[in-house]
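Undergrad: Here are the chains, one letter per residue:
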Amino acid sequence: MNMPKSIDDARALLAGAGYVAGRDLATVVFLALKLGRPLFLEGEAGVGKTEIARTLSQALGRRLIRLQCYEGLDAASAVYEWNFPAQMVAIRTAEAEGAADRHALTEELFSERFLIRRPLLEAMQPQPGGPPVLLIDEIDRTDEPFEAFLLEALSDYQVTIPELGTVVAAAPPIVILTSNRTREVHDALKRRCLYHWVDYPDFDRELAILRARAPEATEALSREVTGFVQRLREEDLFKKPGVAETIDWARCLVALDAVALSPQVIADTLGALLKYQDDIARMQGSEAKRLLDQVRAELGPA
Amino acid sequence: MARPADRAVPDGGQLAANIAHFARALRRAGVPVGTGRVIEAIRAVEATGFTDRGDFYYSLMACFVSRPEHRAVFAQVFRLFWRDPQFLEQMMGLLAPLVRGANPAPEPSPAERRAAEALAEAVARAVEGEGTEVEVDATLTFSARETLRHVDFEQMSVAELADARRAIGRLALPVRPIASRRTRVDPRGRVADWRGTMRAALRSGGDVERLVLRARRQRWPNLVAICDISGSMSVYSRMLLHFLHAAANARGAGWAAVHAFTFGTRLTNITRHLRQRDVDDALAAAGREARDWEGGTRIGACLHAFNRDWSRRVLAQGAVVLLITDGLDRGDDPERLSREMQRLHLSARRLIWLNPLLRWDGFTPKARGIRAILPHVDTFQACHDLASLEDLAAALSGLGEAPASPGGLWPRVRFLAER
Numbered sequence: 001m002n003m004p005k006s007i008d009d010a011r012a013l014l015a016g017a018g019y020v021a022g023r024d025l026a027t028v029v030f031l032a033l034k035l036g037r038p039l040f041l042e043g044e045a046g047v048g049k050t051e052i053a054r055t056l057s058q059a060l061g062r063r064l065i066r067l068q069c070y071e072g073l074d075a076a077s078a079v080y081e082w083n084f085p086a087q088m089v090a091i092r093t094a095e096a097e098g099a100a101d102r103h104a105l106t107e108e109l110f111s112e113r114f115l116i117r118r119p120l121l122e123a124m125q126p127q128p129g130g131p132p133v134l135l136i137d138e139i140d141r142t143d144e145p146f147e148a149f150l151l152e153a154l155s156d157y158q159v160t161i162p163e164l165g166t167v168v169a170a171a172p173p174i175v176i177l178t179s180n181r182t183r184e185v186h187d188a189l190k191r192r193c194l195y196h197w198v199d200y201p202d203f204d205r206e207l208a209i210l211r212a213r214a215p216e217a218t219e220a221l222s223r224e225v226t227g228f229v230q231r232l233r234e235e236d237l238f239k240k241p242g243v244a245e246t247i248d249w250a251r252c253l254v255a256l257d258a259v260a261l262s263p264q265v266i267a268d269t270l271g272a273l274l275k276y277q278d279d280i281a282r283m284q285g286s287e288a289k290r291l292l293d294q295v296r297a298e299l300g301p302a
Numbered sequence: 001m002a003r004p005a006d007r008a009v010p011d012g013g014q015l016a017a018n019i020a021h022f023a024r025a026l027r028r029a030g031v032p033v034g035t036g037r038v039i040e041a042i043r044a045v046e047a048t049g050f051t052d053r054g055d056f057y058y059s060l061m062a063c064f065v066s067r068p069e070h071r072a073v074f075a076q077v078f079r080l081f082w083r084d085p086q087f088l089e090q091m092m093g094l095l096a097p098l099v100r101g102a103n104p105a106p107e108p109s110p111a112e113r114r115a116a117e118a119l120a121e122a123v124a125r126a127v128e129g130e131g132t133e134v135e136v137d138a139t140l141t142f143s144a145r146e147t148l149r150h151v152d153f154e155q156m157s158v159a160e161l162a163d164a165r166r167a168i169g170r171l172a173l174p175v176r177p178i179a180s181r182r183t184r185v186d187p188r189g190r191v192a193d194w195r196g197t198m199r200a201a202l203r204s205g206g207d208v209e210r211l212v213l214r215a216r217r218q219r220w221p222n223l224v225a226i227c228d229i230s231g232s233m234s235v236y237s238r239m240l241l242h243f244l245h246a247a248a249n250a251r252g253a254g255w256a257a258v259h260a261f262t263f264g265t266r267l268t269n270i271t272r273h274l275r276q277r278d279v280d281d282a283l284a285a286a287g288r289e290a291r292d293w294e295g296g297t298r299i300g301a302c303l304h305a306f307n308r309d310w311s312r313r314v315l316a317q318g319a320v321v322l323l324i325t326d327g328l329d330r331g332d333d334p335e336r337l338s339r340e341m342q343r344l345h346l347s348a349r350r351l352i353w354l355n356p357l358l359r360w361d362g363f364t365p366k367a368r369g370i371r372a373i374l375p376h377v378d379t380f381q382a383c384h385d386l387a388s389l390e391d392l393a394a395a396l397s398g399l400g401e402a403p404a405s406p407g408g409l410w411p412r413v414r415f416l417a418e419r
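Chains as they are written, first to last, in our numbering: chain A, 1 to 302; chain B, 1 to 419.
Same shape as in the complex, but just chain A (with noise of 0.2 Å):
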């Protein structure tokens, strides 16, 4: 598949691998991969920031490489390391042979046949099919040092490995960053990306999204999950649901064979929907009962 020649294009591109994007999401994936930017995508859990890297590499066909941030991360996980058992073994092979020259060894020993590719480094090999999608997926979960080490990662797509030089992408990957906003990332690293906040979306496209993502549920079924969890955005939780929640609520009914909600249906699965014993003890009972009132209010002359 090629690059999207417009934003049309990339709308297109993201629908057709089950993605629904809005304007203004396809705008800046198109503009990553038009200027070869990194992008940055913020937002709440579970509106959907790590599926668009996934999305990206099915619809274009390349590889996916993910680097899953944590605290304390460093470049022997994310970058390379240097397999040491294999080295040792090398050593005592050349040893047993007496053949010992000491700089054949250094030159043996930190070679690429020595060397393990970590996420970063295995980016910027070529890869069948083109440049993959790299994903750093929640990047406040690491700590600055990481974030001053990706500044130089991704401003000149390359990375410095001492034993045997700078190791420069032919083509640079496709950069995807998600963060979940658990602490601000510092600007400096987000001024060389394009950033784009991911919302919860509106009604008629969490619908539409409900509709590619969990087409086993009824239209009517559909329509009233998500008037639902609209609704409930509008509430006072502390963590909101996102649309991740709501095609798992949708499955969740679908497999206990329910065609409509009811204020029952809807106590047995809240699990699925709201995560925090607060926001589901808020919830439970008549409340949950006046929001679907209100719910069906709204969707009766539809």
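Derived by calculation from the structure, the hints in this document are not laboratory data. Yeah, the Cβ is synthetic: ideal placement off N, Cα and C, and Gly gets one too. Check before you lean on any hint, since a few could be wrong.
Covered by chain B, according to a simulated footprint, are these stretches of chain A (three or more residues, beta-carbon under 8 Å) [what the hints assert, rightly or not]: (1) 34-46; (2) 82-91; (3) 111-123; (4) 190-203.
Just some of the chain A residues that point at chain B, by a computed CB distance under 8 Å [unchecked claim]: (5) I7; (6) E71; (7) D74; (8) T106; (9) R181; (10) T182; (11) R183; (12) D187; (13) A212; (14) F238; (15) D278.
Some chain B residues judged to face chain A by a derived CB distance under 7 Å, without partners named [stated by the list, open to error]: (16) R181; (17) R182; (18) V185; (19) D186; (20) W194.
Start from chain A and add chain B according to the hints.
TA: Frame of chain A, contents of chain B only:
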């Protein structure tokens, strides 16, 4: 690097210039936009084409906005700026009703106000030769609506200043650090450094003589202070803000970052203001930001706002929370306060309550608010004078070890036992 004017753009370079002007308007409205971003934006507009207004909007937004809160400002500046290419004349038109004062403008959203002020400033500069009343009138219209109280920080007594300086001088908060997952070379460490070992081995021709070891690095936690600035706390809150300013600005004092919030009837983030070097400037800026000085207290509602809007953003990496309040709550039901305290306690690594009322020996937790807060804090400390602040420093460094207190117990334990 290509200058904006060098690039082939539609409209004979006019668009590039307009985008540069637009970036300047954004900058004045408080959205940080660098020159590199402008070049990026021109490229982006070239790539998307200049046919659809929506595409143009999203392309510029992808380049200029890097925080969700800037989106509203961006939208307003965009709306005002691109409504008409001749924006200066257009802005004059926008200002006219304000100058006349005839028709009261509809209440603008805060972002709109900033956007309009930023553009109004540009207009004021453009018409400087013709008298500057325009600017004055415009800004007055905007600020006169703020009827909430300001606080005057200039009346700080000499003694108070001296106290503050002393506190700053002594302020070395030796916090117990958190073990990080990063390591450093340490001969007494517990993690083998295979790479270092191999390098050492190569130096001696392949013989592994010793194991190079590494130890875990330690990192400092963040400090999040939530400070009550209501009337009943007015004597203490200023001094405590001094304390926080010192904590925020002392390098190597043991905190990775200090986030500060004030609350009375509403929650305000003053972190940015506390970063100013000069303590008076910082407190004056914080005073302008927080408009509810010495008013009532709604602890439950403010903690709810904190939990909803901030806790996931500032408490993620093992932060220690200082809650500074006397616990005298008005108008809220204790049920809710208790719920919000529980949520805060669950989100924070450690929750320390500073209460100036603890200065009286006979203090017992009678007020409803205090009884709602007490079960959910880890430590309960006085904070009415400098000595108690020093105790606080000791408590923070201990983090878990009980200090010597009159009853031999943590005050909190004592109060809970008495209930």
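Undergrad: Closer than 8 Å between Cβ atoms is the bar; does A:D187 clear it against chain B? Give me holds or violated.
TA: 6 Å, holds
Undergrad: Have a go at the B:D186 hint: is there a Cβ in chain A nearer than 7 Å to its own Cβ?
TA: This hint is violated: B:D186 lies away from chain A, its Cβ roughly 16 Å from the closest one there, beyond 7 Å.
Undergrad: With 7 Å as the cut and Cβ atoms as the points, is B:W194 at the interface with chain A?
TA: 4 Å, holds
Undergrad: Does the CB of A:T182 sit less than 8 Å away from some CB of chain B?
TA: Holds, because the Cβ-Cβ distance from A:T182 to chain B comes to roughly 4 Å (cut-off 8 Å).
Undergrad: For the segment 82-91 of chain A, do three or more residues have a beta carbon lying closer than 8 Å to a beta carbon of chain B?
TA: As far as the segment 82-91 of chain A goes, the hint holds, because 5 residues have Cβ atoms under 8 Å from chain B.
Undergrad: Is the shortest C-beta separation between A:E71 and chain B less than 8 Å?
TA: Cβ of A:E71 sits 6 Å from chain B, so the hint holds.
Undergrad: Tell me whether the statement that chain B covers the segment 111-123 of chain A is true, taking a Cβ distance below 8 Å and needing three residues at minimum.
TA: violated (count 0)
Undergrad: Does the nearest C-beta of chain B fall within a distance shorter than 8 Å of the C-beta of A:R183?
TA: Since chain B brings a Cβ to about 5 Å from A:R183, closer than 8 Å, the hint holds.
Undergrad: Under the criterion of a CB-CB separation shorter than 7 Å, is B:R181 in contact with chain A as hinted?
TA: Interface hint status for B:R181: holds (3 Å vs cutoff 7 Å).
Undergrad: Verify the interface restraint on B:V185: the C-beta must sit less than 7 Å from at least one C-beta of chain A.
TA: 14 Å, violated
Undergrad: Would the stated hint for A:T106 survive a check requiring a Cβ distance to chain B of less than 8 Å?
TA: 6 Å, holds
Undergrad: The hint names A:D278 as touching chain B; please verify it with the least Cβ-Cβ distance against 8 Å.
TA: Interface hint status for A:D278: holds (7 Å vs cutoff 8 Å).
Of the hints listed earlier, those the structure fails to meet are numbers 3, 13, 18 and 19, in rising order.
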